[in-house]
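K.L.:
Sequence:
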Amino acid sequence: MQDYLQLSAGRFLGEIIEMTIGPIQIFRETIWQCVDEKANPRRNSYTVGVPVYMEEGGYWQGYHVARNSLMMLRPNEELHFRTPKKSTILVVVIDRDVFDAFARDTMGRDAPLPISGSHTRELPEAVARPLRVSLKEVLSSAVSTPEVLEHEGSMKAMIETILSAVLHAVLACSAESEAARSSHFVQRAIVERARQYVLANRESPPTVTELSAHLKMSRRGLHHAFMNVLGINVVTFLRYVRLHGARKDLLMAGPEGSVNEIACKWGFWHMGMFSAYYKALFGELPSATLRKTPCISITSGH
Numbered sequence: 266m267q268d269y270l271q272l273s274a275g276r277f278l279g280e281i282i283e284m285t286i287g288p289i290q291i292f293r294e295t296i297w298q299c300v301d302e303k304a305n306p307r308r309n310s311y312t313v314g315v316p317v318y319m320e321e322g323g324y325w326q327g328y329h330v331a332r333n334s335l336m337m338l339r340p341n342e343e344l345h346f347r348t349p350k351k352s353t354i355l356v357v358v359i360d361r362d363v364f365d366a367f368a369r370d371t372m373g374r375d376a377p378l379p380i381s382g383s384h385t386r387e388l389p390e391a392v393a394r395p396l397r398v399s400l401k402e403v404l405s406s407a408v409s410t411p412e413v414l415e416h417e418g419s420m421k422a423m424i425e426t427i428l429s430a431v432l433h434a435v436l437a438c439s440a441e442s443e444a445a446r447s448s449h450f451v452q453r454a455i456v457e458r459a460r461q462y463v464l465a466n467r468e469s470p471p472t473v474t475e476l477s478a479h480l481k482m483s484r485r486g487l488h489h490a491f492m493n494v495l496g497i498n499v500v501t502f503l504r505y506v507r508l509h510g511a512r513k514d515l516l517m518a519g520p521e522g523s524v525n526e527i528a529c530k531w532g533f534w535h536m537g538m539f540s541a542y543y544k545a546l547f548g549e550l551p552s553a554t555l556r557k558t559p560c561i562s563i564t565s566g567h
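Using the working numbering, the letters of the sequence shown correspond one by one to residues 266 to 567.
Careful: at least some of the hints might be erroneous.
Claimed, not checked - When the alpha-carbon atoms are kept at most 30 Å apart in a straight line, the in silico DSS-like pairs for lysine-lysine are as follows:
1) Lys513 <-> Lys544
2) Lys544 <-> Lys481
3) Lys513 <-> Lys421
4) Lys350 <-> Lys421
5) Lys544 <-> Lys401
Stated by the list, open to error - Simulated restraints, written as ranges between beta carbons of each label pair:
6) Gly519 <-> Gln271: 26 to 32 Å
7) Glu521 <-> Arg369: 41 to 47 Å
8) Glu521 <-> Asp365: 19 to 25 Å
9) Asn466 <-> Glu320: 46 to 52 Å
10) Gly275 <-> Ala545: 46 to 52 Å
11) Leu516 <-> Arg308: 44 to 50 Å
12) Val317 <-> Glu526: 43 to 49 Å
13) Pro377 <-> Glu521: 52 to 58 Å
14) Glu521 <-> Arg339: 47 to 53 Å
15) Glu343 <-> Phe277: 19 to 25 Å
16) Lys544 <-> Ser523: 14 to 20 Å
Think of the hints as simulated: they come from the structure by calculation, not from any bench.
Each residue gets a CB set at the ideal place from its N, CA and C atoms; glycine is no exception.
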């Protein structure tokens, strides 16, 4: 529930674009007036936001909001947001249990939870920009290509994108750090176990979260192991597996197939990025692969 009290004179102009993706609500709010906004987000959920555009005079829970502020709200606390004359913000509301589990899987089970208060923190531009981009792209893709929400693979990928972006931003505000890395021998064993599991499940590639859970280790530890052993991160490795699966389906589908349908099946929700990743790996666009004639083996008998 939201309550708006306009504080400046003139015609009110505003827009909210909202989308629910599993345990996450994401919205973009634009307001062109000074407004005293009160809201009660979903119960038992964290609220995290970042400005897209913010004039001077914005206050979140009484804390000043600037261009690169990370805005946070604890579960079950009423939101008080005093907007400036012109503002656009991106906000995600994430189920507390889902985010806490994701944070502990990423940082290690004994790590303290990263969101501890309702306030604002200033982010470096190098952290604020990727958060902004990730939230924008998820929301715009869900609005422009709603079929991505009909596929479990693309839904899981979108949720993981949001959770990763939010956690990275929150941790950038924290002084907490992870323990030292494992030895190369241990990391090699981790990568081999991960590789075997991913390839055994290539028809339904696991997310990084699912892979971490299977291996009973943190995402960060898994990331370091892949970087030190293969020179690529685990996200890239999983993407390559999914891209190869999509290529196989595109070749078998023929001209009557759908690039979007196949991309969604393999967990890709941003069609532009899918095409870019695909072309970078295979040297052609997915649509070009789709137009190719499938290879058919014919055996003659006597």
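K.L.:
Evaluate each hint against the coordinates.
P.N.:
To see whether the hints hold, each was checked on the structure:
Among the hinted pairs, lysine 513 with lysine 544 is consistent with the structure: their alpha-carbon atoms are about 14 Å apart, no more than 30 Å. The suggested pairing of lysine 544 with lysine 481 is violated, with an alpha-carbon distance near 34 Å, which exceeds 30 Å. This hinted pair checks out: lysine 513 and lysine 421 have alpha carbons roughly 21 Å apart, not beyond 30 Å. Taking the CA atoms of lysine 350 and lysine 421, the gap is near 37 Å; set against the 30 Å cutoff, the hint is violated.
Taken as a hint, the lysine 544 and lysine 401 pair is honoured in the structure, with Cα atoms around 23 Å apart against an allowance of 30 Å. Judged by the Cβ atoms, the range 26 to 32 Å given for glycine 519 and glutamine 271 is violated: they are separated by roughly 57 Å. Between glutamate 521 and arginine 369 the Cβ separation comes to about 46 Å, which falls inside the hinted range of 41 to 47 Å. Checked against the hint of 19 to 25 Å, the pair glutamate 521 and aspartate 365 fails, with Cβ atoms roughly 45 Å apart.
Restraint check, asparagine 466 to glutamate 320: a C-beta distance of roughly 49 Å satisfies the suggested window 46 to 52 Å. At roughly 48 Å, the beta-carbon separation of glycine 275 and alanine 545 lies within the given 46 to 52 Å, and the hint holds. Between leucine 516 and arginine 308, the C-beta spacing of about 48 Å keeps the proposed range 44 to 50 Å intact. For the pair valine 317 and glutamate 526, the supplied restraint of 43 to 49 Å is violated, since their beta-carbon distance comes to about 31 Å.
Taken as a hint, the range 52 to 58 Å holds for the pair proline 377 and glutamate 521, whose Cβ atoms sit roughly 53 Å apart. For glutamate 521 and arginine 339, the Cβ-Cβ distance of about 52 Å falls inside the hinted range of 47 to 53 Å, so the restraint holds. In this structure, glutamate 343 and phenylalanine 277 meet the distance hint of 19 to 25 Å, their C-beta atoms being roughly 22 Å apart. Roughly 18 Å separates the CB atoms of lysine 544 and serine 523, a value that falls within the hinted 14 to 20 Å.
Going through the hint list in order, the structure does not satisfy hints 2, 4, 6, 8 and 12.
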